[in-house]
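Given the sequences, and given the hints that come with them, work out the whole structure.
Protein chains: 2
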Amino acid sequence: MKEDSPEKKILEAAKFVFSKKGYSGARMQEIADKAGINKSLLHYYFRSKEKLYDHIFTELTNEFFPDFNKILVSDSNLFKVIEVFFDNHISLLQKNKNIPIFIISELNNNPEKIYKKMLGDFAENSPVALLKVKIKEGIAQGLIREDVNEINLLINMLSLSIFPFLSAPMLKLVSGFSEEKFTLLLEQRKKELPKLIIKSLLPDK
Amino acid sequence: MKEDSPEKKILEAAKFVFSKKGYSGARMQEIADKAGINKSLLHYYFRSKEKLYDHIFTELTNEFFPDFNKILVSDSNLFKVIEVFFDNHISLLQKNKNIPIFIISELNNNPEKIYKKMLGDFAENSPVALLKVKIKEGIAQGLIREDVNEINLLINMLSLSIFPFLSAPMLKLVSGFSEEKFTLLLEQRKKELPKLIIKSLLPDK
DNA sequence: TAATAGTTTGATCTTTTGGTCAAAATTAAA
DNA sequence: TTTAATTTTGACCAAAAGATCAAACTATTA
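One line per chain: the protein sequences are A and B, in this order.
My numbering numbers the first residue of the first sequence as 1 and each following residue consecutively.
My numbering numbers the first residue of the second sequence as 1001 and each following residue consecutively.
Just to be clear, a hint being listed does not mean it is correct.
Stated by the list, open to error - Calculated cross-link-like contacts (lysine-lysine; reagent style DSBU-like; alpha-carbon spacing at most 30 Å):
#1 A/K51 to B/K1020
#2 B/K1195 to A/K190
#3 A/K116 to B/K1021
#4 B/K1195 to A/K20
#5 A/K199 to B/K1136
#6 A/K97 to B/K1116
#7 A/K172 to B/K1113
#8 A/K113 to B/K1020
#9 A/K172 to B/K1181
#10 B/K1191 to A/K132
#11 B/K1113 to A/K21
#12 A/K132 to B/K1199
#13 A/K70 to B/K1181
#14 A/K34 to A/K8
#15 A/K21 to A/K9
#16 B/K1181 to A/K117
#17 B/K1113 to A/K49
For the record, the hints were derived by calculation from the structure and aren't laboratory data.
None of the values given here were measured: they were computed from a predicted structure.
In C-alpha cells, the structure reads:
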C-alpha cells in the first residue's frame, strides 16, 4: 500500500482521532478532514464507523500486546527481566503515547473486546504465568522474599510505567512540563523504577 | 433537598452515566430512564447536557480533590505522611471507584478544565509543594536519600494507588477476580505500598 | 375553594451525525 | 482511443439525540 494512499491517510487520521477521543467522541467528519478527503470515501473504504474503529483497534493492540509479551519472555532471571521490562515497556509507550488512554477507555466500555484480544495474543504464555515462574525461581534461590505475589508485582510494574502517560496532560500543565522535560522524566524512570521494584522484593535485612 | 427529589435522582443517575461513559458517550435519555423521569424534566432542572455535565464535574471533583489535599496536609514526618496517604487515598477511591477513569478521560479531552479546578482547590498548598518540604526535612535528618525528587515521588504514589482502579475491569476478567477478591487486593496494597515506597527512599545500606 | 405558581409529560422541532447514491473524474484494460 | 472499471465527490437521506413548548397535572396560598 502506497505511503500517501487514501487508505493510509484514513487509517492514520482515524488512529489519531479514535485514540484521542474514543469511539463515541470521534466524528467521521473530523477523520475525513484530517485525512484530507471526502467523508463518503471513508465509507467507500471502510463500510461503517464501527468497521473503521475495529481496524484501528486491531492495529493498535497488534502493535502493542505482542511486544508487551515479548518483553517478559526471556530466559534471564527475575531482576534482569524487571530491568528490561521498564526500559522496553516505557520505550514502547513513548512510541505510542496515546495507547494507554485508548486501552483504558476501551477496557471500561468494552472489557470483553480487550479480553478476547489478550486471550488470543497471550494464549499459553501469559505475563502472569511467566512472572510466576521467575518468582518461584527467585524464591528458591533465596534472592527474594517468600511472600512476593505475581499479580501484585505485575500491577505495580504496569502502574509505574503506564500511569505517567495517562497523566501527561496534567504534568504538562502543572509544572510547566515541556515535551522535552517529560522525555527526561521518562528516561530517568527507566533507570530508577527497576531499582525501586527490586528493592521491594529483596528479603528484609 | 429531599432524598428522592427529582433533582437528587437526576444527579445520581447523571453521575453514574457520565462517569461511566464520558460526556460524548452519555445519553440524556439514558440518564432520564435511570432517574425514572421524563427527558424533558432533565432540561427543566438543568438547561442543557453541558450544564448537567458541569454539575457532575463539580460534584465529583469537589468530593475528591479537597480530600486528596487534606491527606497530604499533616504535621507528621514524610514516612507517616506516606503511610496515611495510601490508606486514605485508596479508601477514598474505593468509595468512588469510577472517579479515576472519569478524571483521566476528562484530563485528555479538557486538560484546562481540570487544571483550573485544581488551581482553585490546591491554591497555595499544592501537594507537590507539601511533599517538597517533607522531603527536605527528611534529607536534613539523614533519613532519606539526597536525590529524592517530589514530582517523581508523587507520580509513583499516585500511580500505585490509582492504577488498580483503572485496570479493575481487566483484573476482574483475567484472574476471575471477584469484587471481594479485588477488595482484598486493595486492603493488602494499603499496607504494602507504604513499605515499598519508603524502602525506595532510604539511603543505600 | 379559587387562583396562582410550580412541576411533569408527550409531542414535536432542530441539529448532529452516520450512511447512501448517482454522477463526475480518474485510472486501467481492450 | 475507446470502453470498462475504479475512485472520488457533492447532494441528500434517515436515525439519533439534544432541546423546546404547550398542555395537563399537582401543590401552594390567598
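Unmet hints by their number, sorted upward, for this structure: Going through the list in order, the structure violates hints 4 and 9 and respects the others.
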